[in-house]
Amino acid sequence: MTGQLDHRRFQELLGVFALHALDDDERAAVERHLEECPRCRQEVDAHREIAAALGHDIEPLPPHLWDRINSVLPDAPPRSPELTVVPAAAGSHPAPSVLRPTRRHRMRAATTTVAVAAVAAAAAVVVLGLSLAHTDAQLSRSQQALGTSRSVVQKALATPGHRVVSLRTGDGIHVATVVLVPDGHGYMLDSTMPALAGGRTYQLWAVVNGTPISLGLLGRHPAVAAFTVGSAKVTELAVTIEPAGGVQAPTVSPVATAPL
Amino acid sequence: MEALGELSDAQLVVAVGRYRKEALAEIYRRHAGAVYGLARRVTGDAAEAEDVSQEVFLRLWNQPDRFDPARGTLRTFLLTQSHSRAVELVRSRSARARREEREARLTAAAGYDLDREISDLAVAQQITDAMASLPADERRAIELAYYHGHTYREVASLLDQPEGTVKSRIRSGLSRLRRSLAQVQEVGR
Numbered sequence: 001m002t003g004q005l006d007h008r009r010f011q012e013l014l015g016v017f018a019l020h021a022l023d024d025d026e027r028a029a030v031e032r033h034l035e036e037c038p039r040c041r042q043e044v045d046a047h048r049e050i051a052a053a054l055g056h057d058i059e060p061l062p063p064h065l066w067d068r069i070n071s072v073l074p075d076a077p078p079r080s081p082e083l084t085v086v087p088a089a090a091g092s093h094p095a096p097s098v099l100r101p102t103r104r105h106r107m108r109a110a111t112t113t114v115a116v117a118a119v120a121a122a123a124a125v126v127v128l129g130l131s132l133a134h135t136d137a138q139l140s141r142s143q144q145a146l147g148t149s150r151s152v153v154q155k156a157l158a159t160p161g162h163r164v165v166s167l168r169t170g171d172g173i174h175v176a177t178v179v180l181v182p183d184g185h186g187y188m189l190d191s192t193m194p195a196l197a198g199g200r201t202y203q204l205w206a207v208v209n210g211t212p213i214s215l216g217l218l219g220r221h222p223a224v225a226a227f228t229v230g231s232a233k234v235t236e237l238a239v240t241i242e243p244a245g246g247v248q249a250p251t252v253s254p255v256a257t258a259p260l
Numbered sequence: 001m002e003a004l005g006e007l008s009d010a011q012l013v014v015a016v017g018r019y020r021k022e023a024l025a026e027i028y029r030r031h032a033g034a035v036y037g038l039a040r041r042v043t044g045d046a047a048e049a050e051d052v053s054q055e056v057f058l059r060l061w062n063q064p065d066r067f068d069p070a071r072g073t074l075r076t077f078l079l080t081q082s083h084s085r086a087v088e089l090v091r092s093r094s095a096r097a098r099r100e101e102r103e104a105r106l107t108a109a110a111g112y113d114l115d116r117e118i119s120d121l122a123v124a125q126q127i128t129d130a131m132a133s134l135p136a137d138e139r140r141a142i143e144l145a146y147y148h149g150h151t152y153r154e155v156a157s158l159l160d161q162p163e164g165t166v167k168s169r170i171r172s173g174l175s176r177l178r179r180s181l182a183q184v185q186e187v188g189r
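Here the protein sequences line up with chains B and R, keeping their order.
What the first sequence shows, in this note's numbering, is residues 1 to 260, in sequence order.
What the second sequence shows, in this note's numbering, is residues 1 to 189, in sequence order.
No wet-lab data here; the hints were simulated from the structure.
Since we're looking at a predicted model, the values are computed, not measured.
Any given hint might turn out to be false.
Claimed, not checked - Quick list of in silico lysine to aspartate or glutamate cross-link-like pairs, EDC-like style, CA-CA up to 16 Å: (1) B:Lys-155 / R:Glu-6; (2) R:Lys-21 / B:Asp-67; (3) B:Lys-155 / B:Asp-183; (4) B:Lys-233 / B:Asp-183.
As the list claims (entries may be wrong) - Distance windows between CB atoms, simulated: (5) R:Ser-180 / B:Glu-236: 52 to 62 Å; (6) B:Pro-74 / R:Ser-172: 36 to 46 Å; (7) R:Pro-162 / B:Gly-198: 49 to 59 Å.
We treat Cβ as the ideally placed atom computed from N, Cα and C, and that holds for glycine.
Required output: the full structure, derived from the provided sequences and hints.
Here it is, written out as structure tokens:
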């Protein structure tokens, strides 16, 4: 069969592909084939492991190399304090303090144009953390990454001083477990929240001084999520259902809460 | 971030996704020696090796999602990129003289030898042994392709062998290496 011959031709190239020993045209053809052939992908992955083992020469590093790399890394949001309280600009009405979560989302940051009246008054406030132009695929990949490191959660559960709280609906039904560790990290696990239709997302909030601060999006199928509250004094966690992409302030009452 | 040294590579990459520079620094601490070392060996040039290393770590910082722990280790991921970029530099560079000089040294060498300081001696020894136990044709084809950045067509011409033969020797050589390394217990992250 032509198909089999073609496939054998690709198989013969897998070793040289893994060693980057192909001309561009053949390389591109193999790359396309790999997109749809899991078995060949597996073989390439195995060859790559051996190739990496062949590259085991460990050189003493030039001392300045890290500084050089460090200096070209794009700026990240400030790390500490974990949540930066930005005081509202002068105005009679006390605008809500808005905290910037440090969690970075994979998609390009989209500054929302949702203008909550009181927040709009505090023109100096820039909510960077709400780069919420997520797709479910992106979220599930990061959840998958967390899932493959469930040891992170187990470690949290073994940390002295950790707290386990229950997110419950208004009727008292438990929908998710949250583990909080003293260093300010938190994990939401074992969610039984029903999947949402397209165009909507679950959003997680921390209530600080009576104001809900977004901790991030949980997506349409929440399962496991990691977030940070830092040293902020959080009195309650809450989950709302919002339009896909999230919002700066909750538009509805929470579907589940956890008093802390 | 506390206890960075205890986190797995996959956990560190998740942290990189959260703009944790110290996580990238820890990944650098664990793997930059190998990334730089391979680039240095293939390009034969310290400055180019630095460029390659910078690209690899910068790419990890900007696109941590590219790493899929299900497909292999972070070390493999980083070294694959280091090798790929180093080979590109070798091929695009008009420093043919340098390649020819390296080849002259290769053909003069009696056998496979490592003449530089290696910190992970156990792994190094396993690789050396595994390579030494390969049939000479397979070993030379792999060396020319991997360490010298030749395409298989160039290897065929250098070794005066048919292209199909070179392709299949490289493939079977890699499989043979995998089998002999699998026999040795590996301790990895």
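Verification of the hints:
1. Between Lys-155 of chain B and Glu-6 of chain R the CA atoms are separated by roughly 11 Å; this keeps the pair inside 16 Å, and the hint holds.
2. Distance check on the hinted pair: Lys-21 of chain R and Asp-67 of chain B sit about 12 Å apart at the alpha-carbon level, within 16 Å; holds.
3. Under the criterion of a C-alpha separation no larger than 16 Å, the hint pairing Lys-155 of chain B with Asp-183 of chain B is consistent with the structure, at around 13 Å.
4. Under the criterion of a C-alpha separation no larger than 16 Å, the hint pairing Lys-233 of chain B with Asp-183 of chain B is consistent with the structure, at around 13 Å.
5. Our hint of 52 to 62 Å for Ser-180 of chain R and Glu-236 of chain B holds, since their Cβ atoms are close to 59 Å apart.
6. Distance hint check for Pro-74 of chain B and Ser-172 of chain R: the Cβ-Cβ separation is about 44 Å, which falls inside the suggested range of 36 to 46 Å.
7. At roughly 55 Å, the beta carbons of Pro-162 of chain R and Gly-198 of chain B sit within the given window of 49 to 59 Å.
Violated hints are absent here; each numbered hint is respected by the structure.
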